[in-house]
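Novice: Sequence:
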Amino acid sequence: MYGCEWDDETGEVNGYEQDAFDGEDFIVFDLKTLTWIAPRQEAFITKLKLDSDEGYKAYNINYYTQICPTSLKKYVSHGKDALMRTVLPSISLLQKSSSSPVTCHATGFFPGQASIFWTKDGDIYYEGVDFGETLPNNDETFQTSVELDVSSVPSEDWGRYNCVFRLSGYKEEIITRLDKAAIRTNEKPTSSLIVTVVVLGVCAAVAAAAVGFFIYKKKNAKRPPTPVSDREVEEELNPK
Numbered sequence: 000m001y002g003c004e005w006d007d008e009t010g011e012v013n014g015y016e017q018d019a020f021d022g023e024d025f026i027v028f029d030l031k032t033l034t035w036i037a038p039r040q041e042a043f044i045t046k047l048k049l050d051s052d053e054g055y056k057a058y059n060i061n062y063y064t065q066i067c068p069t070s071l072k073k074y075v076s077h078g079k080d081a082l083m084r085t086v087l088p089s090i091s092l093l094q095k096s097s098s099s100p101v102t103c104h105a106t107g108f109f110p111g112q113a114s115i116f117w118t119k120d121g122d123i124y125y126e127g128v129d130f131g132e133t134l135p136n137n138d139e140t141f142q143t144s145v146e147l148d149v150s151s152v153p154s155e156d157w158g159r160y161n162c163v164f165r166l167s168g169y170k171e172e173i174i175t176r177l178d179k180a181a182i183r184t185n186e187k188p189t190s191s192l193i194v195t196v197v198v199l200g201v202c203a204a205v206a207a208a209a210v211g212f213f214i215y216k217k218k219n220a221k222r223p224p225t226p227v228s229d230r231e232v233e234e235e236l237n238p239k
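In numbering that gives the first Met the number 0, the protein residues as written are 0 to 239.
Hints are computed from structural coordinates only; laboratory data are not their basis.
Watch out, some of these pointers could steer you wrong.
Derived BS3-like pairs (lysine-lysine); straight-line CA-CA distance at most 25 angstroms [stated by the list, open to error]: (1) Lys72 with Lys170; (2) Lys31 with Lys72; (3) Lys46 with Lys56; (4) Lys79 with Lys56; (5) Lys79 with Lys170; (6) Lys72 with Lys119; (7) Lys31 with Lys56; (8) Lys119 with Lys95; (9) Lys179 with Lys95.
Use the sequences and the hints to build the structure in full.
Specialist: Dropping the structure here:
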């Protein structure tokens, strides 16, 4: 594997060549020292041969400092609209449970050169912080995240923490305040909460039944007595 890197802001150029054997690094070219590095003992003889080959060394210098960067700049120029575009991320605060760290997750941004971190009172904060990797999405954008352990953070101090996202080529920072109301979680209601809801539901049902029974009795009390028929009176006066 070989190629070159070019920083369009500083103009710095860096080339690399790395050969592997049987899935492991075998020998690597260092453009800064113009020497070969042998990670494995078996590559040491090859290293000595390549280090002593002045013609091959001159070719590598010309290729990695002239030919490769020139081609790279040309390709970048042709694909500038796609490669140089700036897409801002969607940022969310996530938490698996109330005892879990809060994750500040940024996704959908481009280019992939970005940084994300937590601050406290405006200063970068490292205690209880776990930085995630920048990973590609399937739509050619990227995602990254950073976790903050909030187990020792008092509720009244949450407002002192912010998640800050910086994107290469975009001057402004994207700041998201640590806010419990903004956190998305998959945590289900606790059993005590479920019991409370059930008890309240039962109480409401009992109260409704009591009110209904009271209204029913009140209506019956106002209703006139059922009239007695003449035959019933006669039977009462003249028993058999």
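Novice: Taking the hints in turn, state whether each one holds.
Specialist: Against the structure, the hints come out as follows:
For the suggested pair Lys72 and Lys170, the alpha carbons sit about 24 angstroms apart, so the restraint of at most 25 angstroms is met. Among the hinted pairs, Lys31 with Lys72 is consistent with the structure: their alpha-carbon atoms are about 21 angstroms apart, no more than 25 angstroms. For the hint linking Lys46 to Lys56, the alpha-carbon distance of about 12 angstroms falls within 25 angstroms, and the restraint holds. Annotation: proposed proximity of Lys79 to Lys56 is violated, straight-line Cα distance about 33 angstroms (limit 25 angstroms).
Taking the CA atoms of Lys79 and Lys170, the gap is about 19 angstroms. The hint holds against a cut of 25 angstroms. Annotation: proposed proximity of Lys72 to Lys119 is violated, straight-line Cα distance about 41 angstroms (limit 25 angstroms). Among the hinted pairs, Lys31 with Lys56 is consistent with the structure: their alpha-carbon atoms are about 12 angstroms apart, no more than 25 angstroms. With a C-alpha separation of about 22 angstroms, the suggested pairing of Lys119 with Lys95 holds against the 25 angstroms cut-off.
Between Lys179 and Lys95 the alpha-carbon distance is near 13 angstroms, which keeps this suggested pair within the 25 angstroms criterion.
The structure is inconsistent with the numbered hints 4 and 6, although it conforms to all the rest.
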